[in-house]
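K.L.:
Read off the chains here:
There are 2 protein chains.
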Amino acid sequence: MPIYNAPLKDMEFILNDVFKADEFWQNTENLAHLDMATANAILEEMAKFSKNVILDLNRSADEEGGAQFNQGVVTTPKGFKEAFQQFADGGWIGLGANEAFGGQGMPKMLTVLADEMIWSTNPSFMLYPLLTVGAGMAIDQAASEEQKATYLPKFYTGEWSGTMCLTEPHSGTDLGIIKTKAEPNADGSYNITGTKIFITSGEHDLCENIIHLVLAKTPDAPAGSRGISLFIVPKFLVNEDGSLGERNTLGAGSIEHKMGIKGSATCVMNFDAAKGFLVGKENQGLAAMFIMMNYERLSMGIQGIGASEYAYQNAAQYATDRLQGRSATGVKSPEKPADSILVHGDVRRMLLNVRANNEASRAFAVYVGQQLDITKFSNDAEAVRKANDRVALLTPIAKAYLTDKALDSALEAQMCFGGHGYIREWGMEQCIRDLRISQIYEGTNGVQAIDLIGRKTIKSNGAFIAEYIAEIREFAASMNDALSIKAATLDVCHQVEALTQFIIKQAKSNPDFSNAVAVDYLHAVGLLSFTYMFARIAQAAQAKPESFYQNKLVLAQYYVAKVLPDLAARVQRIQAGAELVMQLPEDYFTAQA
Amino acid sequence: MPIYNAPLKDMEFILNDVFKADEFWQNTENLAHLDMATANAILEEMAKFSKNVILDLNRSADEEGGAQFNQGVVTTPKGFKEAFQQFADGGWIGLGANEAFGGQGMPKMLTVLADEMIWSTNPSFMLYPLLTVGAGMAIDQAASEEQKATYLPKFYTGEWSGTMCLTEPHSGTDLGIIKTKAEPNADGSYNITGTKIFITSGEHDLCENIIHLVLAKTPDAPAGSRGISLFIVPKFLVNEDGSLGERNTLGAGSIEHKMGIKGSATCVMNFDAAKGFLVGKENQGLAAMFIMMNYERLSMGIQGIGASEYAYQNAAQYATDRLQGRSATGVKSPEKPADSILVHGDVRRMLLNVRANNEASRAFAVYVGQQLDITKFSNDAEAVRKANDRVALLTPIAKAYLTDKALDSALEAQMCFGGHGYIREWGMEQCIRDLRISQIYEGTNGVQAIDLIGRKTIKSNGAFIAEYIAEIREFAASMNDALSIKAATLDVCHQVEALTQFIIKQAKSNPDFSNAVAVDYLHAVGLLSFTYMFARIAQAAQAKPESFYQNKLVLAQYYVAKVLPDLAARVQRIQAGAELVMQLPEDYFTAQA
Chain A
1 MPIYNAPLKD MEFILNDVFK ADEFWQNTEN LAHLDMATAN AILEEMAKFS KNVILDLNRS
61 ADEEGGAQFN QGVVTTPKGF KEAFQQFADG GWIGLGANEA FGGQGMPKML TVLADEMIWS
121 TNPSFMLYPL LTVGAGMAID QAASEEQKAT YLPKFYTGEW SGTMCLTEPH SGTDLGIIKT
181 KAEPNADGSY NITGTKIFIT SGEHDLCENI IHLVLAKTPD APAGSRGISL FIVPKFLVNE
241 DGSLGERNTL GAGSIEHKMG IKGSATCVMN FDAAKGFLVG KENQGLAAMF IMMNYERLSM
301 GIQGIGASEY AYQNAAQYAT DRLQGRSATG VKSPEKPADS ILVHGDVRRM LLNVRANNEA
361 SRAFAVYVGQ QLDITKFSND AEAVRKANDR VALLTPIAKA YLTDKALDSA LEAQMCFGGH
421 GYIREWGMEQ CIRDLRISQI YEGTNGVQAI DLIGRKTIKS NGAFIAEYIA EIREFAASMN
481 DALSIKAATL DVCHQVEALT QFIIKQAKSN PDFSNAVAVD YLHAVGLLSF TYMFARIAQA
541 AQAKPESFYQ NKLVLAQYYV AKVLPDLAAR VQRIQAGAEL VMQLPEDYFT AQA
Chain U
1001 MPIYNAPLKD MEFILNDVFK ADEFWQNTEN LAHLDMATAN AILEEMAKFS KNVILDLNRS
1061 ADEEGGAQFN QGVVTTPKGF KEAFQQFADG GWIGLGANEA FGGQGMPKML TVLADEMIWS
1121 TNPSFMLYPL LTVGAGMAID QAASEEQKAT YLPKFYTGEW SGTMCLTEPH SGTDLGIIKT
1181 KAEPNADGSY NITGTKIFIT SGEHDLCENI IHLVLAKTPD APAGSRGISL FIVPKFLVNE
1241 DGSLGERNTL GAGSIEHKMG IKGSATCVMN FDAAKGFLVG KENQGLAAMF IMMNYERLSM
1301 GIQGIGASEY AYQNAAQYAT DRLQGRSATG VKSPEKPADS ILVHGDVRRM LLNVRANNEA
1361 SRAFAVYVGQ QLDITKFSND AEAVRKANDR VALLTPIAKA YLTDKALDSA LEAQMCFGGH
1421 GYIREWGMEQ CIRDLRISQI YEGTNGVQAI DLIGRKTIKS NGAFIAEYIA EIREFAASMN
1481 DALSIKAATL DVCHQVEALT QFIIKQAKSN PDFSNAVAVD YLHAVGLLSF TYMFARIAQA
1541 AQAKPESFYQ NKLVLAQYYV AKVLPDLAAR VQRIQAGAEL VMQLPEDYFT AQA
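Heads up: the protein sequence lines correspond to chains A and U, in order.
Numbered per the working numbering, the first sequence spans residues 1 to 593.
Numbered per the working numbering, the second sequence spans residues 1001 to 1593.
Since the hints were derived computationally from the structure, they do not count as laboratory data.
Among these hints, one or two may not hold up.
[Said to hold, decoys possible] Only pairs whose alpha carbons sit at most 30 angstroms apart, straight line, appear in this in silico DSBU-like list of lysine-lysine:
1) Lys-508/A to Lys-1332/U
2) Lys-1020/U to Lys-1544/U
3) Lys-1332/U to Lys-459/A
4) Lys-179/A to Lys-1336/U
[What the hints assert, rightly or not] Non-contacting residues of chain U with respect to chain A, defined by C-beta distances greater than 10 angstroms in every case (computed):
5) Asn-1027
6) Asn-1040
7) Phe-1069
8) Lys-1081
9) Thr-1157
10) Pro-1222
11) Gly-1242
12) Asn-1270
13) Met-1293
14) Lys-1459
15) Asn-1461
16) Ile-1469
17) Glu-1471
18) His-1494
19) Tyr-1558
[Said to hold, decoys possible] Label-pair ranges, simulated between beta-carbon atoms:
20) Asp-408/A to Glu-1335/U: 21 to 27 angstroms
21) Asp-1056/U to Asp-408/A: 32 to 38 angstroms
22) Lys-1508/U to Asn-52/A: 50 to 56 angstroms
Remember, predicted model here, so these are calculated numbers, not experimental data.
A virtual CB, placed ideally from N, CA and C, is assigned to each residue, including glycine.
Can you build the whole structure from these sequences, using the hints too?
P.N.:
Here is the structure:
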């Protein structure tokens, strides 16, 4: 059976040593109640829950075929209901949510670590509270006080859950062409009519009510994405006293049969003049929904870390136990029929790639979490402005680069198992199937890359990335020259800076340029970010003699030697431009060959 | 539903224009009966069979859960039996096999193309005849005349099938530690006892008898891989008149539940003093089994091409049909609500990566097929020697590089579908699950890489690769200077040559070096090979004005600009050496973090 032990020591190292969380919290007015001891206690509790409650349910849910649909009713896999109740009772749903409505107000740099453990042990389970938390965030920031008071407390007790309803059969990335209609009623409510697809947790049996956040167009709305409004559309209407009223005219038409995350119900939702309530103002729905989308996008990155960590732990254990062949430098275990496959450089290469990915990714998630905490909790306007820009820049990296690297990593971990990695019982193949969606949903990774290169880079004339590189340079300059990653960090800064300038210039003369090189640029900025994380890790570890810390210096060197070379390929591809990408006619692609 | 149309025009181009098959066949005594018209007719027939008979069975077999096991009996998915009968009746099993025993004696450069179509449309189905063909090859080359006469004709009629039984629970890559025993009987037969796992087609209902080729150790055999013998162990013993006799004491204990290729029965096989017959001499079993293994390894590469081609065709069609967003250079389809996603550079980038992979891979498979044909059919001893060396060098590339690139490609094709790629009904997720095994079985891709860098390169002091590079240089020198790929080809030759010299030197002082950099070297030689293939494609296409040919010149340029840059990363990684890979102690990998 697959194993999992939360990497608590690494988590504390990242929080405490690398990002000096204690100091940050103490110096931030609204976080001064939190200290590392409390943070560690929270992480330890989540470590238990993830290992003892949901890990086993991950395999069983997949084996039994996942969520089941029968005439509009969705049944979640065995054990999910009890686990969800326990999760809700533990206060986990509202861990990072507004205390005024029953949340616990914990900072993001802590919640990303708690989330990682759930993503490691049961991604299908994680999706049920995840959408609720996201919907809560959107309501908290964009809805009326009455709406907040009605819905948020029920979210955080786990009595009700949330969804986001964006996609339609013909409309995914291009939300400007949605067809779902919202017709105003005399009482201020709207009648919502349309079909939404790929609705995570659209229907299930974990909660007594489900609150859908639905994008729709009012009758006179402007065309395109400027004419989209956001509505709260509850499964059961809510009476004035907060009790459940009549069933709304909406329901699940079917659930999807998917490659993975089978325990998560992915629903087709039909709205048939269902009663909905406007959130904020008409035609401003997309901005409100993007509050939720940006939260989910960071979460997808954490899904990647979680899967990659789980894959690593299982592969490292398998490689340690599996005896096969002998070391090239002489027999290592003469008492055994063969040496552990850890004697083979190729197995180590794979494991170190995954390990390096996990440690850099985790640091990066905490870093972005800290930036989000600054935007939310700081009173320093300039710090908030900078952090907002940083989050805008790095959200596509968190979503797309982390999940791209996570899939690479999980595939390498699976390969350590040889044929056994392909067999269901070892859990690795499920890990990959479950993980794959993270690159696709909440905006494909290609869409993230286009966001990074377009809205976040070219549009600001490179201001966001320039400020990020300045921070990295300043940090590197403060480092001990003896750390070899210092020079590598400064070199990457130089390369990505030059690349950015090249891109901005090319984009001016060729509108197709940015889209054609977007993914390579995303990976270049990802490599810059992970190098920066290893610089911070090395700086934090250098003075400590224990092997736990000194090994991090080796891993940082490994990263520079063996992972960072990907940058050379990315730079060459970007320099090769867009012409060859765009040159062939459309019918070339499907012509009979 | 997924689509597939065999790329017959491309196949003819590769055979006829690039590798001048007609000329080669006419000048090769034992192939002079074959011409392009016959070859095309064979490929057209297979195109029909793959599209009309087995394509639909691919999805249905997966949906119904694949092969079923019940008390030692394996039932193949619905329709497999009828399709297999049709396949056998068409003479397809023995297409490339010895005519003396009922085969059709067709050259490999043709059969690789027929095989590709089956791999495209139903990889689980393909595995049933595949193992038979491999077993037939091993018997044909290593067994006695009597054994050949007994088993081979039944293989090619499809009455009997074959397996290869190597792996045991504790013994995969390291066959030296197998435990299966072969005890000699007075009548010259042996009693075989042991458990073999991961036995493809070990038990099934398609044929009346199953002939297992089993590796086992005789009582006094030397330790390790020098003490392994090969045995024919039939499910039903064969009477002297060729009719079926008593049931042998062997059987399937269970079948594996796998990530993919669910229609293929992967069996645990228990041999309980089962009667077996020695093939060749005692202790020389591994060499005989490697006849089969090397055949299967090239086949795995073709599995990769097949999957990638299938993925491409479906993704290109989806991208053409899917309307989303508008072109950056202005609306392209004003009459539609949005443009086809082919207007976006990132979508084209993905499709062109896949297309470039398919065309280079296919050419490479035909190239290796031609080398195999020279070894088999040529009377020129020096040509045979060179071709043998070339096949030895390139078999790991065919197996591992082609399947690595195929998975990358299938993942990019899946991504073109957005969320729809994750849903079962589009077939893309099954394609990836089915394909993934190709990187793992028949020796993991890491093991292939170690074979390439060790036995095939360092051991020969670089002789094989030097001869290959000399051929490529000679070809490039003959090319028109106006073809930009000419310079790129010469440059890659130079880089891989220098890299090889560096590796041979480093390996002398560090026994761990080659294993640690093996996969990067495999990819470097793969990039060299694909560049060479595009050089040959470009040379063959250049003088022909039709867009079919001229577009190939664009694709070759695309390859150099956008795929070949990976070489820079591979070179840097190899130059970074093995030290950081090997430095950390074994317990680092599993220490609680």
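K.L.:
For every hint, state whether the structure bears it out.
P.N.:
Against the structure, the hints:
Using a Cα cut-off of 30 angstroms, the hinted pair Lys-508/A and Lys-1332/U holds, with the two alpha carbons roughly 20 angstroms apart. Taking the CA atoms of Lys-1020/U and Lys-1544/U, the gap is about 16 angstroms. The hint holds against a cut of 30 angstroms. Distance check on the hinted pair: Lys-1332/U and Lys-459/A sit about 24 angstroms apart at the alpha-carbon level, within 30 angstroms; holds. Note on Lys-179/A and Lys-1336/U: the hinted pairing holds, with a Cα-Cα distance of about 15 angstroms set against a maximum of 30 angstroms.
The claim that Asn-1027/U is not at the interface with chain A holds, since no C-beta of that chain comes within 10 angstroms of its own (minimum 28 angstroms). Here Asn-1040/U stays apart from chain A, with its beta-carbon at least about 15 angstroms from theirs, past the 10 angstroms limit. The non-interface label for Phe-1069/U is consistent with chain A: the shortest C-beta to C-beta separation is roughly 14 angstroms, beyond 10 angstroms. No Cβ of chain A approaches the Cβ of Lys-1081/U within 10 angstroms, the least distance being about 25 angstroms, so the stated non-interface status holds.
No Cβ of chain A comes within 10 angstroms of the Cβ of Thr-1157/U; the nearest lies about 31 angstroms off, and the non-interface call holds. No Cβ of chain A comes within 10 angstroms of the Cβ of Pro-1222/U; the nearest lies about 15 angstroms off, and the non-interface call holds. No beta-carbon of chain A comes within 10 angstroms of the beta-carbon of Gly-1242/U; the shortest separation is about 35 angstroms. With a least beta-carbon separation of about 18 angstroms from chain A, Asn-1270/U lies farther than 10 angstroms from that chain, consistent with its non-interface assignment.
Residue-level check passed: Met-1293/U sits 14 angstroms from the nearest beta carbon of chain A, beyond 10 angstroms. At roughly 13 angstroms, the least C-beta separation between Lys-1459/U and chain A is larger than 10 angstroms, which holds for a residue marked as non-interface. No Cβ of chain A approaches the Cβ of Asn-1461/U within 10 angstroms, the least distance being about 18 angstroms, so the stated non-interface status holds. Ile-1469/U, annotated as away from the interface, keeps every beta carbon of chain A farther than 10 angstroms; the closest lies near 22 angstroms.
Every CB of chain A is more than 10 angstroms from the CB of Glu-1471/U (nearest about 26 angstroms), matching its label as outside the interface. Look at His-1494/U: its CB is around 17 angstroms from the nearest CB on chain A, clear of 10 angstroms, so calling it non-interface holds up. In this structure Tyr-1558/U is not separated from chain A by more than 10 angstroms, as the shortest Cβ-Cβ distance comes to only about 5 angstroms. Under the hint 21 to 27 angstroms, the C-beta atoms of Asp-408/A and Glu-1335/U, about 41 angstroms apart, miss the expected range.
Against the hinted window of 32 to 38 angstroms, the Cβ-Cβ separation of Asp-1056/U and Asp-408/A comes to about 33 angstroms, which satisfies the hint. Hint check: Lys-1508/U to Asn-52/A, Cβ distance near 52 angstroms, so the stated range 50 to 56 angstroms holds.
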